[in-house]
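Engineer: Take the given structure of chain A and dock chain B to it, following the hints.
Protein chains: 2
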Amino acid sequence: MPQRPPQRPLPSRPLHGGDPSVLRRLNSAATLRALRDGGECTLSELARRVGLSRPTTEGVLGELIDRGLAGQDAPRPGTGLGRPARRYRFRAEAGHALGIDIDAHRVRLVVADLTGAVAGGHRADLDVQAPPGERIAAVRASVRTCLAATGVERRSLWAVAAGTPGVVAPDGTVTSCTVVPGWEGVRLARELGRSFSCPVLVENDANLAAMAERWRGAARDADDVVCVHAGLHTGMGALIGGRLHRGRWGAAGEIGMLPEMGLRDTTAALITGTDVDPEAASTALAGLASAGGGSGGPALDHAERVLEAAGWGAAEATAVVERLAARMARGVAAMALALDPEMIVVGGPLVRAGDLLVSELRRRVRPLCLSPVRIEASELGDEAVGLGAVRLALDRIDEDLFRVDRPSDPSDPSGPGASDLSESGEVRQA
Amino acid sequence: MPQRPPQRPLPSRPLHGGDPSVLRRLNSAATLRALRDGGECTLSELARRVGLSRPTTEGVLGELIDRGLAGQDAPRPGTGLGRPARRYRFRAEAGHALGIDIDAHRVRLVVADLTGAVAGGHRADLDVQAPPGERIAAVRASVRTCLAATGVERRSLWAVAAGTPGVVAPDGTVTSCTVVPGWEGVRLARELGRSFSCPVLVENDANLAAMAERWRGAARDADDVVCVHAGLHTGMGALIGGRLHRGRWGAAGEIGMLPEMGLRDTTAALITGTDVDPEAASTALAGLASAGGGSGGPALDHAERVLEAAGWGAAEATAVVERLAARMARGVAAMALALDPEMIVVGGPLVRAGDLLVSELRRRVRPLCLSPVRIEASELGDEAVGLGAVRLALDRIDEDLFRVDRPSDPSDPSGPGASDLSESGEVRQA
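For the protein sequence lines, the chains are A and B, in the order given.
Under our numbering, the first residue of the first sequence is numbered 231, with each subsequent residue one higher.
Under our numbering, the first residue of the second sequence is numbered 231, with each subsequent residue one higher.
In case anyone wonders, no lab produced these hints; they're calculated from the structure.
As the structure is a prediction and not an experimental result, all values here were calculated from the model.
Treat the hints with care, since some could be wrong.
[Stated by the list, open to error] Here are the simulated distance ranges between beta carbons:
hint	chain 1	residue 1	chain 2	residue 2	range
1	A	G472	B	R450	22 to 32 Å
2	A	T375	B	P489	30 to 40 Å
3	B	R424	A	E552	20 to 30 Å
4	B	R424	A	P285	52 to 62 Å
We put the CB at the ideal spot given by N, CA and C, even for glycine.
Here chain A stands alone, though its shape is the one from the complex:
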């Protein structure tokens, strides 16, 4: 039997049954969760699911309907005598989460409803050389286009999260970024926040990719996950106990800072010992890193095409990927040794270089580790960061929706604009 502490410890301020408002919040949260996770049902079914009396459930349900969180569906045609029972459902469309992936060369947006069902998205190119103001203006324009295209109103957004390369401080400032010129020091959460009345969170892209892999990718059901986001520089994100581990300054996973870890300056690494022109290689790898086109199949073809354009043949492209894996292995192993995760997911632009990168990493990382580490390829392609951003935004929303252990508190340290939702009154506990 594992000795790990239970994933979900007791709340810090003890609950007790003597406070009626605590009971009301417990009942409301339990009912809302049962309705959301269990699907549409009648009042009696819901009461059974939650374990409350029918009258209590009816009271709580009325409150949820008033708050716009529950709705009544047309009764199904009766199968027997008597009036068919009314059916109730969670109103997933009551609010939305917006995820934004602000990459060096591209912005990708995903809008989802409160159950995480994707309502739509949008992509646009970004000029990596453009000054921060222009990049942010381009992101804002993309948000407008995305909302118009999906028919989601801006005030229906309950939380927004954005991913970026680099280290992101707890206040949403990009404190370090080697990939986008001028991006360092940008107060991204504050800048983006001007466009929204809901909380806006900013997070490192590898961290969001890790959240996405656990939500809908290769790391479903794993609690301790390291996500390797392989690109021109390789970042890493970690989930511990199912939760993102950001670190004190938002810099967790930056083990690539040590040059011997082999996670930085991939371009330089790849051309060592080849006849390839550095300039051409850099262009080719930027092409690899920025190429659109989702998570499609045996993508070594694609890598070959790109690398070929830079003067590499197919055999040399393979050799290059092997060399890349050899170079990255120590950094990936160091992270595996530091955290001993359940699994490592390898994603990011360079994973379109095909399964070869993942299988080479397996071959080279395992002998360096003490435990039999599991290494898998991402299943999410270039949607990982955007989806992870949606998940982060939804977590922010859920925090308020299902808060039972304490009332909403403006000094709550869970994020910039943390009090916005409760100020709006929309999702405040009754």
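Structural biologist: Chain B only, in chain A's frame:
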């Protein structure tokens, strides 16, 4: 405002007010906690503290008294008219936790009551070359001596935890250990468990040192802590969100497996470039590592004495410690970069080599990191591992004492013998 998720998420199975047994458990846990953490008080004071009615509090208190967890003290002499009110207190002596530090050369025991107040301890030498059976027999003998000396009965032990060098699997087996010959493969939790009827947990020593530093050492109030346990080999333990991070196979923190991290074979490192005889250096460092004598003061003296015996002068001893720090810096930095902790605490046998090691590590680690990492010396000396073991055992006890979100469950994955406590009925929730 930091974006970190709240430390204590909601319980996975939603609580609701419809289940009277949940209410009873909430009330019982809240009352017990108020009594333990708030100190002796009258019934009215307790009711006020918990926020329950006087009759409800009285009922819960009666139950706690029946379970041996609360006691009634002699009333204080009245200051006015009327009978003085009875006073109640948490019975810290109702149970005890035993912590065992099984080092290569020594076993150290600490017994504490349910509030963690140390009731006593014991130490004895171990022969590092003795076969596992003999070592375990010696530990058992020490436990007997310790219990006899402290007057604590064996059946009063509610949980036992032991620390050991090496990687410890979730089932308490030592799966890897380079320091003690023959120790690898020993099912330590099971072997020790034969001597006790309560849960017995086994944990890596650096992990326990980290727990101790947060409980009573240099890392009080820090949630994300890396503890560097510097000895002949240097291990590392990490707390994340205030909880020990063990990893999937119990191997988290073993970044020293990569030779370039400079955390292994300290002896070899220290003598490189000196005229010192390897044999003598090894003896000297083993002496440093096994020397008793607590956490005393400016211990460079001690290091000097030991190193002098191996043929080093004082100046050379200083140079050796500087060289050691230079060697360890990359490994410590890698862990800091991987986790971005709030602080790093440097402890373990070699820290008796004085503050010099810590200040040299500061000087060399910081330039390698992205964030301004805080590095401090341990305040606990050679008691860290034993105290950490007590903390681990107390956490195991608290888990049962304050469990409200679900009844005790034999399939509970919180540790070997996890069901023992509930079987005894002593701390089972009413």
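Engineer: Of the numbered hints stated previously, which ones are contradicted by the structure, given in increasing order?
Structural biologist: 2 and 3
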